[in-house]
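Protein sequences appear in the order of chains L and E. Per my numbering, residue 1 is the first one in the first sequence, and the count goes up by one each step. Per my numbering, residue 1001 is the first one in the second sequence, and the count goes up by one each step.
There's no promise every hint is true.
Unchecked claim - Here are a few chain E residues that sit away from chain L, every Cβ distance over 10 angstroms (derived from the structure):
hint, residue
1, 1022
2, 1041
3, 1059
4, 1118
5, 1129
6, 1136
7, 1142
8, 1158
9, 1165
10, 1202
11, 1218
12, 1220
13, 1223
14, 1224
15, 1225
Said to hold, decoys possible - Below, a list of computed lysine to aspartate or glutamate pairs in the EDC-like style, where the Cα atoms sit at most 16 angstroms apart:
hint, chain 1, residue 1, chain 2, residue 2
16, L, 2, E, 1111
17, L, 95, L, 151
18, L, 82, L, 131
19, L, 50, L, 160
20, E, 1096, L, 202
21, E, 1083, E, 1030
22, E, 1067, E, 1003
23, L, 142, L, 204
24, E, 1083, E, 1003
25, E, 1207, E, 1224
26, L, 2, E, 1112
27, E, 1061, E, 1025
28, L, 293, L, 204
29, E, 1049, L, 204
30, E, 1096, L, 12
31, E, 1184, E, 1030
32, L, 2, E, 1108
33, L, 161, L, 12
Hints are computed from structural coordinates only; laboratory data are not their basis. Beta carbons: idealized from backbone N, C-alpha and C, even for Gly.
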Amino acid sequence: MKPRTLRRHINESVKSLGRNGWMTFASVGAVAVSLILVGMFLMVMFNLNKIAGDIESDVEVRVYVSQSATQAQTRQLGSDLKQIRNVQSVTYESKKQGLNNLMKSLGNDKSTFSDLKNENPLPNAYILKTDNPQQTTYVANKAQSLAYVSDVRYGKGTVEKLFHVINIARNVGIVLIVGLLFTSIFLIANTIKLTIVARRREIEIMKLVGATNSFVRWPYFIEGLIMGVLGSVIPVLMVFIVYHFVYYNLGASFSGMFISLIPYQTMTTNLSLLLVGIGAAIGVWGSLNSVRKFLKI
Amino acid sequence: MEDMIVMDNVWKAYPNGVMALNGIDLSVGEGEFIYIVGPSGAGKSTFIKMIFRELKPTRGKIIVDHKNIATLRDRQVPYFRRKIGVVFQDFRLLPKLTVYENVAFALEVIEESPRVIKRRVMEVLDLVGLKHKVNSFPGQLSGGEQQRVSIARSICNRPPVLIADEPTGNLDPDTSWQIMDVFKRINEQGTTVVMATHNREIVNTIKHRVVALEDGMIVRDEEEGAYGYEA
Ligand SMILES: Nc1ncnc2c1ncn2[C@@H]1O[C@H](COP(=O)(O)OP(=O)(O)OP(=O)(O)O)[C@@H](O)[C@H]1O
Ligand SMILES: [Mg+2]
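Given the sequences, and given the hints that come with them, work out the whole structure.
Right under this line is the structure:
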């Protein structure tokens, strides 16, 4: 296409968007509302998935040694644990180290815990890593059956619960979002239909003097594209602002743990591109849908 | 004389079953001027619509400028239409565009260059005698002037064929003569003109070939013919 022709098409689109100001506003608004919800939903889903992955890849089995065990018995337990199949490593964590780690992960406020130093309630523990996450249940059961084991803890249940929550959220979200996106497409299609009806005479003459279908179609295509992309502006801004808040506040409270949120840059870049893309797709789909019927003159 | 339009056993049935054309055989030479006459419902408009491929024949061949347009692909139709100028009874101008813009529009949408558009629009407006009205809007013009704008638009791309469906149907007699004068000039430049009309006086005064249709059939075809029906 010649640049002159493209300029003409863009001019035509902008003119007609202005002429149908209120309808344009409503359609862009509908796209914006849908995309805000899509954006927030995806922001949560992406992070839940990330955290679930973090947890899953870092499952360790903590085996607590009973308080009554002697040093020799504790050492014996250590070597017994090493014998369990699929155990990759066994690390000993004394009650003192355990307390230090706990204090570190909860923040710097040592005074709160200073009392505990004298009367440490934590047991000595062994930390087992398995070859892969699926084996934690087996390893945990085996460890439980050994002597001088007071308790066995592992993240399996947490991961399963998390995946369960993710699944429900995903299904509810998808239904909601598909509904919203179709509403937006419908509104855009309708707006463009109005502009086409207003210019039916013009289209008729264009076809009469030999304009091609694609020439007739272009302005409407651009119109839809503009509406879709305009509709994604506010949602993209929202992503930047909301995720800034989430990442630098909520994200900080995860520090020191093995889980973390998706980095700010990665999230905002990817989600923005995705939202603009969805907006553009909605706009183009809506517009092409409504032009098709009118071109059969 | 070379043939510009050839119809070979052309039939047209509308989707509702009405048979509008029943076996038309006709050839129109390059540069010829013909009138299509006949009573209301005879099939004149249908005949005109076939020539610029607004309608496809149910059966038969229509050759325009050496191309069979009955089998033309849809994608090719726009390019074919650039070779046919069309004029209607109701002018079909865009009310929000000036005279100049209305004519230029036809060239813009087939992506003609601005330089060519400027020159050509003034040329055809001069030909139809409306050079002084370039900045008027259709609503500020008389019926005859509007029809002249629409004729200017139809010929701005130099089509070899001009077809007109009752171009004087909405005009008073005086104005109609002006329109015929414009057609005469266009025809003299070598353009083939096909004009469907009910205007007996014009047909009987400005003598050209007359093809009479009745019930979708050619019942008469005379050089320098007469209108032949009571008004
Ligand atoms: N779109 C259509 N669908 C069905 N039948 C049609 C259609 N257009 C025209 N006809 C029928 O086809 C026949 C020929 O119509 P056409 O318009 O060609 O006549 P005409 O000679 O132009 O008449 P007039 O002088 O009144 O303009 C008529 O019987 C008409 O009712
Ligand atoms: Mg008619």
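The hints, checked one at a time:
{"no.": "1", "hint": "1022", "in the structure": "holds (27 angstroms)"}
{"no.": "2", "hint": "1041", "in the structure": "holds (24 angstroms)"}
{"no.": "3", "hint": "1059", "in the structure": "holds (22 angstroms)"}
{"no.": "4", "hint": "1118", "in the structure": "holds (14 angstroms)"}
{"no.": "5", "hint": "1129", "in the structure": "holds (22 angstroms)"}
{"no.": "6", "hint": "1136", "in the structure": "holds (18 angstroms)"}
{"no.": "7", "hint": "1142", "in the structure": "holds (21 angstroms)"}
{"no.": "8", "hint": "1158", "in the structure": "holds (12 angstroms)"}
{"no.": "9", "hint": "1165", "in the structure": "holds (12 angstroms)"}
{"no.": "10", "hint": "1202", "in the structure": "holds (24 angstroms)"}
{"no.": "11", "hint": "1218", "in the structure": "holds (26 angstroms)"}
{"no.": "12", "hint": "1220", "in the structure": "holds (30 angstroms)"}
{"no.": "13", "hint": "1223", "in the structure": "holds (31 angstroms)"}
{"no.": "14", "hint": "1224", "in the structure": "holds (32 angstroms)"}
{"no.": "15", "hint": "1225", "in the structure": "holds (29 angstroms)"}
{"no.": "16", "hint": "L:2 - E:1111", "in the structure": "holds (8 angstroms)"}
{"no.": "17", "hint": "L:95 - L:151", "in the structure": "holds (14 angstroms)"}
{"no.": "18", "hint": "L:82 - L:131", "in the structure": "holds (13 angstroms)"}
{"no.": "19", "hint": "L:50 - L:160", "in the structure": "holds (14 angstroms)"}
{"no.": "20", "hint": "E:1096 - L:202", "in the structure": "holds (11 angstroms)"}
{"no.": "21", "hint": "E:1083 - E:1030", "in the structure": "holds (13 angstroms)"}
{"no.": "22", "hint": "E:1067 - E:1003", "in the structure": "holds (11 angstroms)"}
{"no.": "23", "hint": "L:142 - L:204", "in the structure": "violated (81 angstroms)"}
{"no.": "24", "hint": "E:1083 - E:1003", "in the structure": "holds (15 angstroms)"}
{"no.": "25", "hint": "E:1207 - E:1224", "in the structure": "holds (5 angstroms)"}
{"no.": "26", "hint": "L:2 - E:1112", "in the structure": "holds (11 angstroms)"}
{"no.": "27", "hint": "E:1061 - E:1025", "in the structure": "holds (9 angstroms)"}
{"no.": "28", "hint": "L:293 - L:204", "in the structure": "holds (14 angstroms)"}
{"no.": "29", "hint": "E:1049 - L:204", "in the structure": "holds (14 angstroms)"}
{"no.": "30", "hint": "E:1096 - L:12", "in the structure": "holds (14 angstroms)"}
{"no.": "31", "hint": "E:1184 - E:1030", "in the structure": "holds (15 angstroms)"}
{"no.": "32", "hint": "L:2 - E:1108", "in the structure": "holds (12 angstroms)"}
{"no.": "33", "hint": "L:161 - L:12", "in the structure": "violated (54 angstroms)"}
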